[in-house]
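I would like the entire structure built from these sequences, with the hints used as guidance.
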Amino acid sequence: MDTEQAPRFTYQKVHRYLSRWLDARAPGQAHRLPSLREVARQLQVSLSSCKQGFALLESQGRIQARPKVGYFSVVQASTVPLPATANLLDRVFASARQPGMLALSSDAPAMLGALDGPLLLLERELQRRTPAAELPPFQPLGEPQLRAALARDYSQASSEPWQADQVFIGPDLRSVFDLALQALIPAGSVALVESPCSWLILGRLRAAGLQVIEAPLDGEGRMDLDAVAQMLETTPVRVAVLSSRVNTPQGNAMPAADKRRLCDLLARRRVWLFENDSYGGLCADLPAYREHADPQRLLVFASFDKCIGAEAPFAYLLCRSATAPLAEAFFARGFRLPTCRQRAIAGLYGSARIDRQRTLLGRQLAASAARMAALLKQHAGDCLQGAMPQAGATFWLRATRPVDMDAVCEKLLAEGIVIAPGSLFSQAGHWRDHLRLSVTVDWRQDIEGALVRLAQAVRQAPQLP
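Note that UniProt numbering numbers the sequence shown so that position 332 is 332, with each residue one more than the last.
In silico lysine to any residue, SDA-like type, Cα no more than 20 Å apart, as pairs: (1) Lys51 / Arg32; (2) Lys68 / Pro34; (3) Lys51 / Leu22; (4) Lys411 / Arg432; (5) Lys377 / Gln390; (6) Lys68 / Ala30; (7) Lys377 / Ala366; (8) Lys51 / Arg444; (9) Lys51 / Ala65; (10) Lys411 / Leu88; (11) Lys51 / Arg20; (12) Lys68 / Ser48; (13) Lys51 / Arg62; (14) Lys51 / Ala40; (15) Lys411 / Arg401; (16) Lys411 / Ile447; (17) Lys51 / Trp443; (18) Lys51 / Glu38; (19) Lys411 / Arg20; (20) Lys68 / Leu36; (21) Lys68 / Glu58; (22) Lys51 / Ser73; (23) Lys411 / Leu464; (24) Lys51 / Trp21; (25) Lys68 / Leu47; (26) Lys377 / Ile447; (27) Lys68 / Glu38; (28) Lys377 / Arg398; (29) Lys411 / Thr400; (30) Lys411 / Ala94; (31) Lys68 / Arg37; (32) Lys411 / Pro462; (33) Lys411 / Leu89; (34) Lys51 / Gly61; (35) Lys51 / Pro67; (36) Lys68 / Gln52.
The hints are simulated quantities; they were obtained by calculation from the structure and are not laboratory data.
See below:
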């Protein structure tokens, strides 16, 4: 059985030591840290390793250097504590954003290499060339240049070209998904989702007043299509919300033949297909539902941040047959998105920078997943099982015995580690012994040590009844 392991790199040992030193101090005041030489003597490591450990903490915003004085802890802005009644999802979401927490729960591929820098440079150049007085008024449906760029991008892999007026831009994925539901799916309708399913999608369907039916996926990413066909015969499903190429968080892709059959089943019942394409660009070699769907009952939605980064939080949707009600909903909402930022994103598409970024991120995700898989096999192979993801940024892991992963999550939160337990990805009580583990981590941190503690928590966790 594994015990606490020494970090692979010496600077991680320094980082771990200083993190625990900081955690033991009162958070409301600045504390002077031991000097580089004191830490080097204490841990018997080199000064260069100490400098790397201090630099990592400084980049994380936990400490700051004062010339000729030394390093001091940063007094963090006070945060509003979550109420005692806060659910596990709220606590996971909030904890992942707190300083000092090691988040193994994120779903952000661009963390491995964002385009934020080129995007902002392009935006500044556009602002320099275009005086504010000459900028057009805000476009509630999205900047025409960006709508046209997305239409061209999606037309490359489509037998029927997309048009710019079939594209709509919003501030984030939640907003455009909400508007699509509002415009096309009446409250009280029935929605079919794959399970596990994004907690954001589940939450927005519930907020829209829809009844959700979950179709569980097996270990290969396939659902029981005979059961789905029988359900569609007896249940008035109005919309199906599915991942385009690879299921997130599971990381597996349903075979093309299965997708074709499911699309046929939906088309016979005139069921809307809302295809979540947020990861589609990072695994373009895998089949998408829209290749087989009824084009008159298809809506594609996605966000830019998965590929570009946090400076491109906007989202978009494409739909051929319902442009009028969607335009009405977007006009009524009146989004005011910055023109130059949208034009800069369009410029990234026009210069083929997005295509290169997709290829690069795909390779980086594969390399990071391979590294994570090796560590999981070494430290958690006896207690966690999971297949290598075909694409995406996460592992979908199952405990080798039926343990309560919510309890594992609670234990690790108290130790400064954030995971996403499987219960967050279902409203029907599925996946209680599963967890989502991200591969988009900062490998300068002690990821190996965190996985050791995860494995220990799983081994010690109570068994589900």
